[in-house]
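Just so we're aligned, residue 1 is where the sequence shown starts under the numbering used here, counting upward by one.
No lab work stands behind these hints, which were simulated from the structure alone. Every residue, glycine too, gets a C-beta built ideally from N, C-alpha and C. Be careful, since some hints might not be right.
[As the list claims (entries may be wrong)] Simulated pairs of lysine-lysine, BS3-like, Cα-Cα distance not exceeding 25 Å: (1) K309 <-> K111; (2) K305 <-> K111; (3) K173 <-> K236; (4) K305 <-> K105; (5) K105 <-> K35; (6) K31 <-> K105.
[Claimed, not checked] Taking CB as the label site, the calculated pair distances span: (7) V154 <-> I281: 37 to 43 Å; (8) D306 <-> R53: 42 to 48 Å; (9) F101 <-> L218: 39 to 45 Å; (10) T10 <-> K173: 41 to 47 Å; (11) G273 <-> N175: 27 to 33 Å; (12) R53 <-> V158: 43 to 49 Å; (13) L52 <-> D239: 19 to 25 Å; (14) I215 <-> A13: 25 to 31 Å.
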Amino acid sequence: MKPDNSGFYTGLALAISSSVFIGTSFIVKKKGLLKVASSSGMRAGQGGYAYLREWLWWLGLITMAVGEIANFTAYAFAPAILVTPLGALSVLVSAVLASRFLNEKQNLHGKIGCILSIIGSTVLVIHAPQEEEVKDMDELKIKLGSFGFVAYGVIVIVITFGLIFFYGRRYGKTNILVYISICSLIGSLSVMGCKGLGLVIRETAHGHNLLTDPIAWLLLFAVLACVTTQMNYLNKALDIFNTSLVTPIYYVMFTTLTIIASAILFREWEVMGSKDTIGAICGFLTIIFGVFLLHAFKDVHFSLKDVLKISTQANGTTIMRKPGPTINEESQAFLMQPLGEKDQEDEEEAVYTNNANHL
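Could you put the whole structure together from the sequences, leaning on the hints where they help?
The structure is reproduced here in structure tokens:
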């Protein structure tokens, strides 16, 4: 008898729609903030709250809420190894819409990054496991109490406390990995809690009331604590470091740790053949590379016309170069520059629009 994969496709549809809503919300909220700034209202980055009277900003907030609800629900139907990496599609949607509605033109690196993200997501969907990891609360309790997951949880908590109370105070403002590591470690536990809560909601909707089960409230408390901590340190990272560096590093670390936690708790690899495992890894790595290209070089002005111009010049006897920094020099100058006023404004916008999630 052919297995019923309707739950998998429901989760897939929810994950994709979540990315569309969240990616769109970034642009709608940004349009609202720009509208407020153009009407002489005090900017949010200057401590103003004029955006609270702008309907476009509220529309963006509602759109983001719909996306987050869809993302949360997706974990109840599809594996975390599928849902979490697909969060990168929100970055792609945001980049495409920003080019159309905010006149933020994409360079060649960004366009290649978008294409790679789509290819990687497609490969990941093809090779992701389609079977349900947990069918009822009793099975979830057994998995939560397994030695592997308990050990992972203890290790995460110990490392997180060390980063917060020791390394965070000493190196948090100089080392980008400190705050991002805290977000990613805690975030991997929050996703596992979301999957548990998704199961509670799904079972309750089917007539098995699990709201009186203590484990349901324990999961809710764990998710709230983890998400609060995660967002706190993500905002700190965004406030100190450049978004172009924070976003790809956070996505890679958060998604990698979430996949590891999911593999330990739900053991998805047991139902995946070697081909699917390799395919899923390749898809994930392709997404990572796409996100990196999309963010790390977004301020480097390099188009297909520049490539054709260089090729044409290389075929001639003399290569004429325009005065100014080379591509590599410009990239290095951008990555090494201190956080200035323009970046501070960009970081403020990112605080409102970020989710990693992922991640």
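Tested hints:
no.	hint	verdict
1	K309 <-> K111	holds (18 Å)
2	K305 <-> K111	holds (14 Å)
3	K173 <-> K236	holds (9 Å)
4	K305 <-> K105	holds (14 Å)
5	K105 <-> K35	holds (20 Å)
6	K31 <-> K105	holds (16 Å)
7	V154 <-> I281: 37 to 43 Å	violated (27 Å)
8	D306 <-> R53: 42 to 48 Å	holds (43 Å)
9	F101 <-> L218: 39 to 45 Å	holds (43 Å)
10	T10 <-> K173: 41 to 47 Å	holds (44 Å)
11	G273 <-> N175: 27 to 33 Å	violated (40 Å)
12	R53 <-> V158: 43 to 49 Å	holds (46 Å)
13	L52 <-> D239: 19 to 25 Å	holds (21 Å)
14	I215 <-> A13: 25 to 31 Å	holds (28 Å)
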